[in-house]
Every structure is written in C-alpha cells, then in structure tokens.
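The listed protein sequences correspond, in order, to chains X and A.
Position one of the first sequence corresponds to residue -3 (this note's numbering), numbered consecutively onward.
Position one of the second sequence corresponds to residue -3 (this note's numbering), numbered consecutively onward.
No lab work stands behind these hints: they were computed from the structure.
Glycine residues also receive a C-beta, built at the ideal position from the N, C-alpha and C atoms.
Just to be clear, a hint being listed does not mean it is correct.
[As the list claims (entries may be wrong)] Residues from chain X shown here face chain A by an in silico Cβ test under 7 Å; the list is partial: (1) Gly148; (2) Met154; (3) Ile157; (4) Phe174; (5) Gly185; (6) Ser215; (7) Val218; (8) Asn219; (9) Pro260; (10) Ala261.
[Stated by the list, open to error] Short derived list, chain A residues pointing at chain X, Cβ under 7 Å: (11) Val17; (12) Gly148; (13) Pro160; (14) Leu290.
[Unchecked claim] Only pairs whose alpha carbons sit at most 25 Å apart, straight line, appear in this in silico SDA-like list of lysine to any residue: (15) A:Lys81 with X:Pro160; (16) X:Lys144 with A:Ala68; (17) X:Lys144 with X:Lys81; (18) A:Lys190 with X:Pro160; (19) X:Lys144 with A:Trp117; (20) X:Lys144 with A:Val26; (21) A:Lys144 with X:Gly122; (22) X:Lys144 with X:His23; (23) X:Lys81 with A:Val259; (24) A:Lys10 with A:Asp21; (25) A:Lys144 with X:Arg258; (26) X:Lys(-1) with X:Ala295; (27) X:Lys144 with A:Ala297; (28) A:Lys144 with A:Val271; (29) A:Lys144 with X:Lys(-1); (30) X:Lys190 with A:Val12; (31) A:Lys10 with A:Ser(-2); (32) A:Lys144 with X:Ala68; (33) X:Lys144 with A:Gly142; (34) A:Lys144 with A:Asp268; (35) A:Lys(-1) with A:Thr9.
Residues per chain, in single letters:
There are 2 protein chains.
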Amino acid sequence: MSKLFGAVEAGGTKFVCAIGVGPEDIHDIVRIDTTTPAETLGRTIAYFRQQHAHHSLDAIGIGSFGPLDPDATSPTFGFITSTPKPGWSNTDIVGTLRNALHVPIGFDTDVNAAAFGEHLWGAVAGLHTFVYLTLGTGIGGGGMVGGKLLHGLLHPEMGHILVPHDRTADPFGGVCPFHADCFEGLASGPALHKRWGAPAEALPSDHPAWTLEAQYIGSALVNFICTLSPQRIILGGGVMHQRSLFPLIRNQVRSLLHEYIRVPALGGGLEDFIVPPALGDRSGILGAIALAQLASTEASA
Amino acid sequence: MSKLFGAVEAGGTKFVCAIGVGPEDIHDIVRIDTTTPAETLGRTIAYFRQQHAHHSLDAIGIGSFGPLDPDATSPTFGFITSTPKPGWSNTDIVGTLRNALHVPIGFDTDVNAAAFGEHLWGAVAGLHTFVYLTLGTGIGGGGMVGGKLLHGLLHPEMGHILVPHDRTADPFGGVCPFHADCFEGLASGPALHKRWGAPAEALPSDHPAWTLEAQYIGSALVNFICTLSPQRIILGGGVMHQRSLFPLIRNQVRSLLHEYIRVPALGGGLEDFIVPPALGDRSGILGAIALAQLASTEASA
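Given these sequences and hints, build the entire structure.
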C-alpha cells in the first residue's frame, strides 16, 4: 500500500497544508492565515486531525520560513529561531506538531523543501549538486551538494551575499535592513519596486530594470557556481515570472564566467543550466511532501 | 597491521611525493620538479616503485593543481583538463599512475585534499561542513558539505567569485587574466605585489595593504558563509603568513554580517570560526595521505 503524507508550506502570510503522495496525487489542500503561533499551529493540527480520521498519515513534511534550526541533533531542532516576524521567535513548530499528531516530521527551510521536491520530481531529478533560488519579497536559496540538502552551521542565506554594485550606474542604495546593498537589497521584488517606482509585475519586458536585474542575478549565480559547482541552477519566485529575464541572465553568466570553467554544461547558451522550476507554483507544497517522504524513510530505517 | 600510503602533492612547480600513515608518521618525502608530464610522472612512478620494493602500499592519494576531473564516474576522471600550464592539458594522472603501480588511487584538487586532511587530523576534525581557503599565487577553495568533499559539475573555483570593489577607494584593476577584479584578481599574492609594488612578505603588518586585503577577504567569506553555512573556515597559504590579517578579517566579517545570522559560533570574536590550518605547511602532503586512506577504504568496501 502506498504511503500518504501530510505537508505544510509554512510562510509568513499563510500556511498551506495538504495531504498527498506526490505531483500526480494531492488529495486535499487548504490555506490557513498566519496569525499567532498558537492559533496558526492550532488550526494546522486541527486540519491534520480531521484528515487523519479518514487517512492514516505516514509522516508530515514542513518547509518553513526562517531563520530556523534544521539540525536534527540540536536541542532547538524544529524551532523558528530569531525571526523578525512578531511573536514567532523561538517557536517549536516540529515539537508542537509531533506532540499532537504522533507521526515522524520532516523539517527544513522553504527553499530546501522546494529544492528537494525538484530533486525527486522536477527540474533537477537525478542530479546530486544543484542550487534552487527564489526571488520575490526576499531572495532565498537552498539545494543539495553530493545528494545532501545544504545545511551546516544553520542553513544558507544566499540572498545576503555581496555582489559588485556600481553606484555610478545604479545609485540606488538597496533595501536590506541588515546589509543595505547585498544581493537581496539590490534585486528582490521590493528593491525593484523602490528603485523604479512600480512593482515588478508592472514593469514591461523591455524596461531597463530587467537588464540591471539580470546583472545582479548573473553576478550572484557566478558566485554560487564558483563556490558550489552546481550541475544546474533553478530560478523561481515572483520576480522570475518575467520570463525575459532568463536569456538576459544566461548571457550575463556566460559573459562573467568568460569561459574560465570549461565543461560542456557551461559551454553553450546555458538553456539547460539555468532553468525555471518544473513544479511551478506547487514547488513549495510538493517540497513539503518530499520532506515527509524523507522523514518516513528515515523513521523506518 | 596498519596500512601504508603513498601521497602526491602535485603542484605547478613541484611534485612532493611521500610515504606515510598520518601526521605522526611520514616515513619518507621527496621533491620532484614539475617539468613535462612524461618526465614528472615518470619520476613519480620511479619513486613509488623504489619505495614499493621495501613497503607494500595500500593506496596512493593525489592532491593536484587543476582544473581537473574529480568525478570517479566520468571517462576523464583523474585528468588535469584545461589548464593554462603548457603541456599539461588533458593529462591522465590517475590512469598513468594506476597502470604503473596497480594500487587504488585517490584524486582530488589540492585544496580538497588539504581540506580532507584537516578534517581527519586538524582544524576541522569532527565537523561535517566547512571551507578551506588558500591565498597565495592564486586563491583556491575546497571543503565539505554534510561530510562530503565539495564536487558537482566539476569542483569549486572559489577564488573567482565576484566581490564589491570600490574603485574610488581602490582604483587597482585586478590581475585575473579571466575576470580582472574577481576575488583572486584583487586579493591574491600577485595582486598585492602589483598594487603595492612589493611582495606580500615585504609589507609590514601596519601597512594599509592589510586593511584593504581584509576587506576583500571578509567580503568573500561572507559570501561563502551565506552560500554554504560552514561550521568553520580555514585560511591558509602564503598571504596568510601575515598573521595580523586574522583579527582584521574577523572584524570585517562580523561587521559585514551585521548580526544577521544569530548562532553562537558567529556571535563572538570569531576566533574559533576563522582559523589557520592546524597541519600548517604539511596540509598538502597530509591531505594527499588522507585521500589515499579514503581510496583504500572505498576499494575494500
């Protein structure tokens, strides 16, 4: 009998909860507004209890906003740690759900969850080393190295790398409250909005915003390529809904690398190297199902 | 009976070959000038054949200059690939040694070898995710993520990431023939020499060169921290012989991170987070012994 999983895409404005098996088989999905931790987690638990009356769940996967503790050996594993989101600092998400629902719980960042979903069923199936980057309200990155999800001291914060910023060409100072003109400060949705006076979705594809945006994204990708040597890079999130960005970014990366790394994957037009997510808008919730599958496998190992 | 290993630290100017077990037990060590591939590898083979008459070697490890192919499943595994070094492009180092010596061969970049040695016996023992960076004639980086040496499409080229470069404060254009003012172009030994008109070792510890150098290294480390979330970073190589750089770099990293990543390891003075190699000048050859140990274990698995 095939396994059945619960999934939580835990975001700052909504928790999407679902029951399913994989991309071809999502039984049910609901949306819960993110309010206080007690109320939001209470409604999440109520949802799974109600579903559980009909279906026995093998595990639940949670892809969450952060910062969070993804280290299963840590005393604060499963906590959202020091988030600026009011009321949510030091929230024990995993413990709260496990105590109420008594199933194995998989837990990781939203971007690592999405990365793992794309690894099981999407744009990086069969690859062991890749980056998944989402560009929207913020910029976040996850991925795998050697078949393992990227963890370490904590988890990556790829949006906060530093990239060249020519203040003569672009005097905009950046919007990151911590680092001003880090990658996220220069290239997130709010940065686009503030610099150009209009939201990203209102900027036409021939607007100069996109050439500049591709320069910053291209610099960041060169840094990820030189640091991790990924086999492929997935770019998702609201900013990437502007599909004309993809060729601009590929040109920028090719130009910046300057044929330094001579491998076939980096030799051509990079169409198969820098790609959109295959799971589209479902990458978050499918990623959470993927984490549940991993937790179920580990629990029965 | 304990195992005995051969080791090759394959560099652009010399091949250091050794026989040993680990840091406490190096039986023999020789230096061979790097000339043509045929001559250099011929002398390397002759050395191990002569040693082999007295000691039976369980495996040989090679930490090499690159670019190279470290993927054991690739048809060009063990090759130096597209190096600018005359005569060495497409040199099958592993195949040549294995055909002559009939032992398992471990092979990786010089920096991944050194990283693995530090993992077994040095500054990152017990850690699963870390970066090893060497700053000298070039800048190279390696390390592990989740207990696996960093590979992917090829191997990292950490010296070639892009970092902020304020041309008003530092009009120097950089020395990298591929990327001009990438990290290596701005902060390698030759960059220091060309910018200040004197080699690094001739610049006193209070020279303004070191403040600027710490800014570039600090920016690069922030990028590695945000991308990989390392538990520790080792800084080695000739440039780091200027020990006053360590506190300058730690201050720079702390200032640039701006308390964004709140974990104990990044909370204090970073003395235990940004460290010199514990194996010192022997990290290269001990890293090659470490690769031999890994190859021996894998061969008998």
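Against the structure, the hints come out as follows:
no., hint, result
1, Gly148, "3 Å, holds"
2, Met154, "6 Å, holds"
3, Ile157, "4 Å, holds"
4, Phe174, "4 Å, holds"
5, Gly185, "19 Å, violated"
6, Ser215, "5 Å, holds"
7, Val218, "6 Å, holds"
8, Asn219, "4 Å, holds"
9, Pro260, "9 Å, violated"
10, Ala261, "6 Å, holds"
11, Val17, "27 Å, violated"
12, Gly148, "3 Å, holds"
13, Pro160, "5 Å, holds"
14, Leu290, "14 Å, violated"
15, A:Lys81 with X:Pro160, "30 Å, violated"
16, X:Lys144 with A:Ala68, "18 Å, holds"
17, X:Lys144 with X:Lys81, "29 Å, violated"
18, A:Lys190 with X:Pro160, "22 Å, holds"
19, X:Lys144 with A:Trp117, "24 Å, holds"
20, X:Lys144 with A:Val26, "39 Å, violated"
21, A:Lys144 with X:Gly122, "18 Å, holds"
22, X:Lys144 with X:His23, "29 Å, violated"
23, X:Lys81 with A:Val259, "18 Å, holds"
24, A:Lys10 with A:Asp21, "22 Å, holds"
25, A:Lys144 with X:Arg258, "23 Å, holds"
26, X:Lys(-1) with X:Ala295, "13 Å, holds"
27, X:Lys144 with A:Ala297, "21 Å, holds"
28, A:Lys144 with A:Val271, "21 Å, holds"
29, A:Lys144 with X:Lys(-1), "30 Å, violated"
30, X:Lys190 with A:Val12, "56 Å, violated"
31, A:Lys10 with A:Ser(-2), "29 Å, violated"
32, A:Lys144 with X:Ala68, "18 Å, holds"
33, X:Lys144 with A:Gly142, "7 Å, holds"
34, A:Lys144 with A:Asp268, "22 Å, holds"
35, A:Lys(-1) with A:Thr9, "30 Å, violated"
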